[in-house]
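Asks: Sequence:
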Amino acid sequence: MPNYQAAFLFALCILAFTSLKTAHAESDTSRSAKILKPFPEPAAIVDPSWLVPRQQAQLEAAQAYEVFCDFSFTDQLKASGITFRNRVVEDSAKDHIPVHYDHGNGLAVGDVDGDGLYDLYFTTQVGGNQLWRNLSGARFENYTTPSLELADRIGVSASFGDIDNDGDVDLYATAVRLGNQLLVNDGAGRFEDITEHSGTGWQAHSSSGEFFDYNNDGLLDLFVTNVGIYTKDETGTASVDPTRLETGPTYQYYRGFKDAFSGHLKPERYEQSTLFKNLGQRVFADVSHEAGLSDSSWSGDASPVDFNGDGWQDLYVLNMQGHDSYYENVAGQHFVKKSREVFPKTPWGSMGIKAFDYDNDGRLDLFVSDMHSDMSQPVGPWDEKIKSYIQYPDDFLRSEGLSIFGNAFYHHLDGGQFEEISDLIGAENYWPWGLSSGDLNADGWQDVFVASSMNYPFRYGINTVLLNDQGRGFLDSEFVLGVEPRRDNRTAQPWFALDCDEADLKHKRCEGQEGGLLVYGALGTRSSALFDVEGDGDLDIVTNEFNGVPLVLLSDLSQRRTVRYVEVVLVGKSSNRDGLGAVVAVEAGDQVYTQVQDGQSGYLSQSVYGLYFGLGETAAVDRLTVRWPSGQEQTLDGPIQTNQRLTIEEP
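Quick note, our numbering runs 52 ahead of the 1-based positions in the sequence shown.
If you are wondering where the hints come from, they were derived from the structure by calculation, not from laboratory data. Where hints are given, some of them may not hold.
For lysine to any residue, the following SDA-like pairs were computed, each having C-alpha atoms within a straight-line distance of at most 25 Å [claimed, not checked]:
| id | residue 1 | residue 2 |
| --- | --- | --- |
| 1 | K625 | G168 |
| 2 | K89 | R542 |
| 3 | K439 | Q108 |
| 4 | K318 | L454 |
The calculated label-pair distances, taken between Cβ atoms and stated as ranges, are [stated by the list, open to error]:
| id | residue 1 | residue 2 | range |
| --- | --- | --- | --- |
| 5 | A109 | R542 | 19 to 29 Å |
| 6 | N412 | S314 | 41 to 51 Å |
| 7 | K558 | V335 | 47 to 57 Å |
| 8 | S314 | R137 | 31 to 41 Å |
| 9 | P319 | A203 | 33 to 43 Å |
| 10 | T699 | A95 | 53 to 63 Å |
| 11 | I87 | N194 | 32 to 42 Å |
| 12 | G587 | A671 | 13 to 23 Å |
| 13 | N194 | Y117 | 35 to 45 Å |
| 14 | G683 | E118 | 34 to 44 Å |
| 15 | K558 | D311 | 20 to 30 Å |
| 16 | N194 | T287 | 23 to 33 Å |
| 17 | T247 | E193 | 24 to 34 Å |
Where is the CB? At the ideal position from N, CA and C, for every residue including glycine.
Given only the sequences and the hints, what does the whole structure look like? Please build it.
Replies: Shown next as structure tokens:
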């Protein structure tokens, strides 16, 4: 056995013993004392030897990069004070079956108490969601109240948005079957449940919630995606502890169908996504049918975006097992499906979505990640930039030859058409989930962080960072920027414990084993947000992991070079107060930088924070223009000082 592998296994043994010892010290209900042997699944997660040559190859390639990349991210979770841990149901752990629980959870970012600092709301399947208040300086405190935990349900997503235009962010949180919840903020970060009053307590296999003003009346409406029926009525009960070393406290969940990923072939398992119209007074009405949004695809996420520039928010709805749907908004009255006309081919297994101006031509492009196509065959670490070429049988796909089996990047052309260019610009990766765009090196071009991996029982998968090569393509940079490898070269963590002598004797992992096993699974990310955590002028990355602790990746860009930027915060008057749907154009030097305020960052997440514009070497902003959802166009003439948070109120 190689020395590094022996050392790693020894470390796992020590960690397993320590975990067991700690569990016994903290609980009188712990199992009888056993030494737990580490059992990595698969074994390759303890030998990620491919990481080193992969890192070396990327570092060598980076020597030819023309974009600035001499900076790095460092995981400062411990220093942040955040102790949140995402926990998953047993269907994704000890009783593992391939079911949609493995899609994990999102996080939302917003200033919940009006102090000018962005706070974090993490969701989890088990143990309760948590709100972490920003204390400044990249330090956070747990600010969770019982109304925010929602500990009696299996959480999925979180969305911030000011539904009543009173100046603070409210919260919509989705769950599996036990009901979504809408909570209003009193301005100090205290939330009240108004689900019943609002009429938004949909009970289904809900995924994401998207706030947007589809009829431009100044009130945020809500679109809720529902995946499909992937659980049966049978319930299971298990411990909250991540390695199941303790007998309590317990939680209950609905067990998944073993054929859950064939649900798209069974019409009786369809669930319609829902459009809720904001009627004012914190009351919503389901207008899905009358608005023409009767979408029954297996959807995990969606994005409102005005692609045709007529001032009305259209809607792109992802389908994780089939064709995506694009709905054009007709003057806020109803939606017309225009998928085949505008996007004739879409990813078969769409998961993440982000609209942004990739090449600074003033038109919004579209990046869609495809997770499920990558599950058709195992791919080695050196083939992750190649689309899947072996796929499921045609009778399972039902793609009619109109599917892309991998990520899609739609370049918005003059005239309103789109060209799919993902392979030309290097936008492919492996096991992608959520997409976040932002100018990580502050050079004026939007970069992308792709949350990636599959966790237990699969091999370790890396997160992806794509630096924008001035609109000519993307440059793989996760190793260059220190995002990979992870802190302390970690690739695995305890997933669950087994008693192979008694309680778990018949478990498949206990075959040929005896005593106690501590089964390890790969680390992996599901969602992310890009914002300036510590207020030093550069963008940082915070993630929500699957069955693990977050990454708090702080950038040292502002310590490595002079950073010039402007952060634009919008305050709507006639438009919705968050300015969702507004388009901001910043003119600086010979460049025009365009962004849309949509709150979209990461999978299963919607946030409310300022738009960060990196300005490269430009010393001042010459002009700034806002096209508000109300139809008003507002212009601020320069010179406008850089390195500031600029709050713009709608006239």
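Asks: Please go over all the hints and tell whether each is borne out by the structure.
Replies: Now for the hints, and whether the structure bears them out:
With a CA separation close to 20 Å, the supplied pair K625 and G168 stays within the 25 Å bound. Using a Cα cut-off of 25 Å, the hinted pair K89 and R542 holds, with the two alpha carbons roughly 19 Å apart. With a CA separation close to 23 Å, the supplied pair K439 and Q108 stays within the 25 Å bound. With a CA separation close to 21 Å, the supplied pair K318 and L454 stays within the 25 Å bound.
Between A109 and R542 the Cβ separation comes to about 21 Å, which falls inside the hinted range of 19 to 29 Å. Our hint of 41 to 51 Å for N412 and S314 holds, since their Cβ atoms are close to 43 Å apart. For K558 and V335, the hinted distance range of 47 to 57 Å is satisfied, since their beta carbons lie about 53 Å from each other. A C-beta distance of roughly 32 Å is found between S314 and R137, which places it inside the suggested range of 31 to 41 Å.
In this structure, P319 and A203 meet the distance hint of 33 to 43 Å, their C-beta atoms being roughly 34 Å apart. Checked against the hint of 53 to 63 Å, the C-beta distance between T699 and A95 comes to roughly 54 Å, which is consistent with it. The hinted window of 32 to 42 Å between I87 and N194 holds, with their beta carbons roughly 33 Å apart. A hinted range of 13 to 23 Å for the beta carbons of G587 and A671 is consistent with their spacing of about 21 Å.
The hinted window of 35 to 45 Å between N194 and Y117 holds, with their beta carbons roughly 40 Å apart. Taking 34 to 44 Å as the suggested C-beta distance range, the pair G683 and E118 conforms, at roughly 40 Å. Evaluation of the 20 to 30 Å hint for K558 and D311 yields a pass: the beta carbon distance comes to about 22 Å. Under the hint 23 to 33 Å, the C-beta atoms of N194 and T287, about 29 Å apart, fit the expected range.
For T247 and E193, the hinted distance range of 24 to 34 Å is satisfied, since their beta carbons lie about 27 Å from each other.
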